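Undergrad: If you want the building blocks of each chain, they are given just below.
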Amino acid sequence: MTAQLLALAFERPAIDWHAVAPELVLLTAGCLITLADVIFLEKARSFTAALAGLGVLATAIPLITLATSGADRVLFGGAYVVDDFALITKAIFLMAGYVVILLSTNYVAEGDYWENEYYGLLLASLMGMIMMASSRDLISIFVALELLSIPAYLMVAWRKGDARSNEAGLKYYLMGVFASAVMLYGMSLLFGLAGSTQLTDIAAAVASGATSTSATTLAIVFIIAGFAFKVSAAPFHTWAPDVYEGAPTPVTAFLSVASKAAGFVAILQLLYVGFYGRADVYEPLIWILAAASMTLGNLVALRQTNIVRLMAYSGVAQTGFIIAPLAVAGHAGLGDQALSTVVTYLAIYAAMNLGAFAVIITLSRKTGSAELSSFGGAFSYAPGLTVAMSFFLFSLAGIPPLGGWFAKFEVFRVLTSAGDFWGYSLAVIAAVNSVIALYYYAGIARRMWADDAPEGDLAPVPTTPSLVIALAICAGVTLAFGVVPQIVARFTDVSLLALGG
Amino acid sequence: MENLLDSWGLTAATFVPMLGVALMMFVPKEKEDLHKKIALVTSLVVAVIGVLLLVQFDLDATGQLQFAVDHMWIDVINSHYAMGLDGMSLPLVLLTMLVVPLCIVYSWDHFPAPANPKAFLMLILILETGMIGTFMAQDLVLFFVFFEVVLLPMFFMIAVWGGEDRRYASLKFFLYTLFGSALMLVSFLSLYFLSGAESFVLTDLAQAVAENGISRTAGLWIFGGMLLGFGIKVPMFPFHTWLPDAHTQAPTVGSVILAAVLLKLGTYGFIRIAIPVLPEAAVEWAPWIGLLAVVGIIYGALGCLAQTDMKRLIAFSSVAHMGFVMLGISTLTDFGINAAIMGMVAHGLITGMLFFIAGSIKERYHTLDIARLGGLLLKAPRMGWILGLSVMASLGLPGLAGFWGEFPAILSTYNPANGLPVETFRTYMVISALGTVLAAGYLLWLLQRTAFGTPTEEFADLDIPDVTRHEWIAWTPMIALILAIGIYPNLIFRVTDGAVDASLNECLQVNTQEMSAEDIEALHCAPVYNLGSGAHVVDEHAVSGD
Chain V
5 MTAQLLALAF ERPAIDWHAV APELVLLTAG CLITLADVIF LEKARSFTAA LAGLGVLATA
65 IPLITLATSG ADRVLFGGAY VVDDFALITK AIFLMAGYVV ILLSTNYVAE GDYWENEYYG
125 LLLASLMGMI MMASSRDLIS IFVALELLSI PAYLMVAWRK GDARSNEAGL KYYLMGVFAS
185 AVMLYGMSLL FGLAGSTQLT DIAAAVASGA TSTSATTLAI VFIIAGFAFK VSAAPFHTWA
245 PDVYEGAPTP VTAFLSVASK AAGFVAILQL LYVGFYGRAD VYEPLIWILA AASMTLGNLV
305 ALRQTNIVRL MAYSGVAQTG FIIAPLAVAG HAGLGDQALS TVVTYLAIYA AMNLGAFAVI
365 ITLSRKTGSA ELSSFGGAFS YAPGLTVAMS FFLFSLAGIP PLGGWFAKFE VFRVLTSAGD
425 FWGYSLAVIA AVNSVIALYY YAGIARRMWA DDAPEGDLAP VPTTPSLVIA LAICAGVTLA
485 FGVVPQIVAR FTDVSLLALG G
Chain X
3 MENLLDSWGL TAATFVPMLG VALMMFVPKE KEDLHKKIAL VTSLVVAVIG VLLLVQFDLD
63 ATGQLQFAVD HMWIDVINSH YAMGLDGMSL PLVLLTMLVV PLCIVYSWDH FPAPANPKAF
123 LMLILILETG MIGTFMAQDL VLFFVFFEVV LLPMFFMIAV WGGEDRRYAS LKFFLYTLFG
183 SALMLVSFLS LYFLSGAESF VLTDLAQAVA ENGISRTAGL WIFGGMLLGF GIKVPMFPFH
243 TWLPDAHTQA PTVGSVILAA VLLKLGTYGF IRIAIPVLPE AAVEWAPWIG LLAVVGIIYG
303 ALGCLAQTDM KRLIAFSSVA HMGFVMLGIS TLTDFGINAA IMGMVAHGLI TGMLFFIAGS
363 IKERYHTLDI ARLGGLLLKA PRMGWILGLS VMASLGLPGL AGFWGEFPAI LSTYNPANGL
423 PVETFRTYMV ISALGTVLAA GYLLWLLQRT AFGTPTEEFA DLDIPDVTRH EWIAWTPMIA
483 LILAIGIYPN LIFRVTDGAV DASLNECLQV NTQEMSAEDI EALHCAPVYN LGSGAHVVDE
543 HAVSGD
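So the sequence lines, in the order shown, correspond to chains V and X. Take the first sequence: its position 258, counted from the start at 1, is 262 in our numbering, and no numbers get skipped. Take the second sequence: its position 120, counted from the start at 1, is 122 in our numbering, and no numbers get skipped.
Bear in mind the hints are in silico, worked out from the structure with no lab data behind them. All figures in this text were calculated on a predicted structure; none of them were measured in a lab. Some hints here could point you the wrong way.
[Said to hold, decoys possible] In silico SDA-like links for lysine to any residue, alpha-carbon gap of 20 Å or less:
#: 1; chain 1: X; residue 1: Lys174; chain 2: V; residue 2: Val439
#: 2; chain 1: X; residue 1: Lys174; chain 2: V; residue 2: Val498
#: 3; chain 1: X; residue 1: Lys31; chain 2: V; residue 2: Val439
#: 4; chain 1: X; residue 1: Lys39; chain 2: X; residue 2: Phe454
#: 5; chain 1: X; residue 1: Lys31; chain 2: V; residue 2: Val391
#: 6; chain 1: X; residue 1: Lys39; chain 2: X; residue 2: Asp111
Using the sequences and the accompanying hints, generate a full structural model.
TA: The structure is reproduced here in structure tokens:
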């Protein structure tokens with residue numbers, strides 16, 4: 005009887021359960037963690053982190069079965085799509101999430117912070133990210149964005165006793181909400197123009213030229229600006245250094261990799277499925293964002309004395325590199341290449357940047373400081389960590405045979421294959437910037453290798469198994485991607501254009 | 003055995019050092035002797051592979067790539083794992099394989115502070131992989147990767163084991179080279195796209211450029227990018243300023259490897275990639291390259307005269323000597339480039355020796371200030387004589403290796419390739435000949451101030467040990483080669499000639515006096531080669547095309 009009533013009131017759309025299985029598994033894991041807190045109280049602390057890690061790994065299983073089954077799955081009339089692009093980006097989010105859990109394990113426990121809530125929020129944020137990878141509708145994109153952002157606002161302020169952490173949380177929240185508002189305004193304009201929230205419908209409307217150019221331009225600029233905040237592209241990057249510095253370092257790692265990647269995934273979907281036809285609008289916009297982010301991020305990074313702030317600015321510069329291929333994405337025949345390049349870069353960037361943060365977290369267990377000077381002489385008491393850090397830093401700088409070179413190479417390849425002034429000029433700007441970046445990356449490595457330890461303190465660094473595993477994963481992946489780039493390239497050879505038309 | 007060498011020889015030569023590195027990773031740092039042995043054995047195994055390759059190398063086909071392997075490496079960008087050995091790369095590969103074990107032997111008992119042989123030797127082995135790989139790579143992406151692999155170990159070697167100013171010098175070295183190679187990469191990529199080549203393999207690229215053509219402006223820009231990348235590495239004037247700093251601050255072994263092999267990566271890039279792939283752009287750039295080379299020769303020599311530090315003086319002499327190599331290359335002739343390769347090998351051996359000796363002097367006197375040295379022949383006669391021999395070789399005394407690098411390079415400028423301005427190059431010839439006089443001047447002056455005379459007061463009573471056993475082992479092969487090549491230069495020329503000839507575009511080498519006009523026309527050379535009837539040929543084509 006009740007079932008009948010419900011059926012009358014609400015017609016359930018057909019759901020492909022296999023397609024949403026990753027989301028369901030992750031949701032279950034999140035619920036289990038929350039329940040465990042209620043049932044076991046304090047005793048739950050000992051296994052929450054492990055439970056969260058297992059939950060993330062379990063989520064990867066349906067991803068693999070989906071990948072082997074092959075076919076693209078379209079749900080909710082095209083608002084939610086599981087294709088190769090969605091699968092590979094979800095895989096990147098999950099790997100990044102897993103490493104962040106490994107990094108958090110001891111940090112959260114030793115800091116005596118609340119654990120269940122931390123991991124619950126972390127999984128919720130991850131949930132938003134893997135939803136983002138499939139969202140092809142303005143509403144689902146916005147919901148996914150808020151789902152991944154709101155837990156992040158809380159996690160940034162997790163060190164409650166520290167004023168900096170509180171400041172960071174508030175700053176991140178206010179700036180984030182402001183960006184959301186700007187973006188929503190852009191979305192509402194787009195809805196007004198197209199009469200639909202579906203990206204495919206929007207594509208048909210804005211590309212036809214029937215809509216007013218100025219309104220379309222305004223909408224696109226607002227939406228991209230909103231996400232430029234998320235990926236910390238200059239000039240929307242000003243929150244990043246303060247938030248990165250104030251947040252607990254594992255959360256910083258999470259923001260700088262996973263949250264940034266989610267922003268890129270959203271930009272890619274909007275650009276390719278939504279307004280691919282309007283290259284005249286987005287190409288110049290992205291050219292400016294890329295050139296400004298690279299140059300500004302690198303120049304300011306040169307002057308930093310705190311490694312986390314330095315990584316924040318280097319992250320801004322890396323954003324410029326990641327976004328650069330999109331500045332020529334509208335050129336004939338380059339769309340798919342640019343897309344694969346961005347996804348490749350995100351995968352490699354996740355490994356090397358998380359690795360760098362893993363070393364920072366490990367070393368600060370001894371030094372208790374994030375000042376650059378505290379890194380001096382690390383080679384004498386922690387040679388393994390120093391070598392690992394050099395791996396990650398030079399990978400970020402793009403030196404072969406470490407993963408980063410292939411990412412940079414791909415960016416140069418797309419830019420030069422555009423074959424026009426805009427492509428070449430951005431390639432030259434990128435080339436000059438990669439030299440500037442090397443200056444501070446190599447500077448950190450040089451400190452660790454060649455300087456003397458502060459106060460001659462040569463005590464070894466206390467490591468933990470989970471940190472070692474995280475480092476091993478990141479270092480292995482960084483090296484493997486660099487020596488045999490085919491590993492990553494064959495998975496990132498994806499396309500969004502078939503859908504966008 | 004032969005088959006194994008054919009398919010795996012080059013791969014083994016390149017990656018055996020990495021096996022050594024992997025092994026050393028698992029040996030604790032304290033077992034220093036074990037580390038030294040592993041490193042030495044590894045580098046000797048590489049040298050044995052090198053000898054086997056040399057034995058199997060077909061000297062009648064030096065122009066062809068031998069032991070070539072070609073597998074797909076990165077599908078998405080059509081980059082291959084393509085390796086090969088021909089007459090141009092063989093001498094440089096063997097030089098690398100010789101220098102590395104000698105360096106390991108040399109540093110056996112005296113590692114520069116802060117010791118740590120494990121890390122130091124691992125870096126040397128990684129360097130070896132990068133250097134050998136660069137000389138063998140036949141694919142531009144692969145070449146780029148190896149070219150860059152060399153940077154990291156050298157950076158750390160200078161930054162950790164270097165002298166007082168090591169922090170500045172190491173970063174300067176790194177940034178300069180990376181700046182060049184970033185633009186070089188952009189050039190490589192544009193070349194690939196504009197030529198429409200099937201892959202990054204050199205032969206494919208050269209063929210695509212020859213068939214599809216590439217616009218003059220694009221060719222000039224691309225060659226310019228490579229010029230920057232390779233020129234900084236060489237280093238050519240005015241990009242040379244990193245070199246004296248890097249050399250002065252690097253530990254002895256680092257200086258030796260830097261001088262003996264690393265600088266050659268740049269000149270090798272010109273003759274392996276830039277000139278064969280873009281011969282027409284090369285013709286237009288050549289006079290400028292020649293000019294920079296000549297400026298380098300004179301500037302380097304004058305720089306030497308002003309130095310007070312022995313190591314810095316040798317570093318500046320490198321700028322001058324590499325100027326001769328670049329001058330030979332800029333003629334774009336078979337003769338000039340052969341001379342250049344000879345110059346590369348000779349400079350590698352001789353300057354390597356000079357840095358070895360400088361390192362040993364520094365270890366004994368704790369200074370390289372020329373004014374404070376003196377009377378080396380009295381204190382340590384054997385070392386004094388070895389220094390004398392190396393100095394003579396360096397200034398180009400006939401009968402020693404240096405002569406065969408400098409003299410033919412100067413001679414080749416008398417008759418540069420087709421399309422090059424003959425008068426300009428003959429002017430270069432005169433100026434560079436003056437450079438040899440200056441070279442004799444500063445080198446003999448160096449010898450006079452350090453080896454002759456009586457020891458200065460502060461060292462008068464100091465007991466200076468003569469050449470030690472490890473030094474003998476490290477130096478004898480190099481001295482023997484300096485003498486052998488000096489007496490019988492065909493050791494090198496015989497190997498390189500065929501390969502250089504094959505790498506050069508036919509139009510560069512046509513003898514307009516001996517060939518009939520019809521035969522020249524049949525080559526369809528571009529007007530840039532200035533073969534008299536060139537423009538005419540193009541016109542005729544236009545007509546027949548209609």
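Undergrad: Looking back at the numbered hints, which does the structure fail to meet, lowest number first?
TA: 2, 3 and 4
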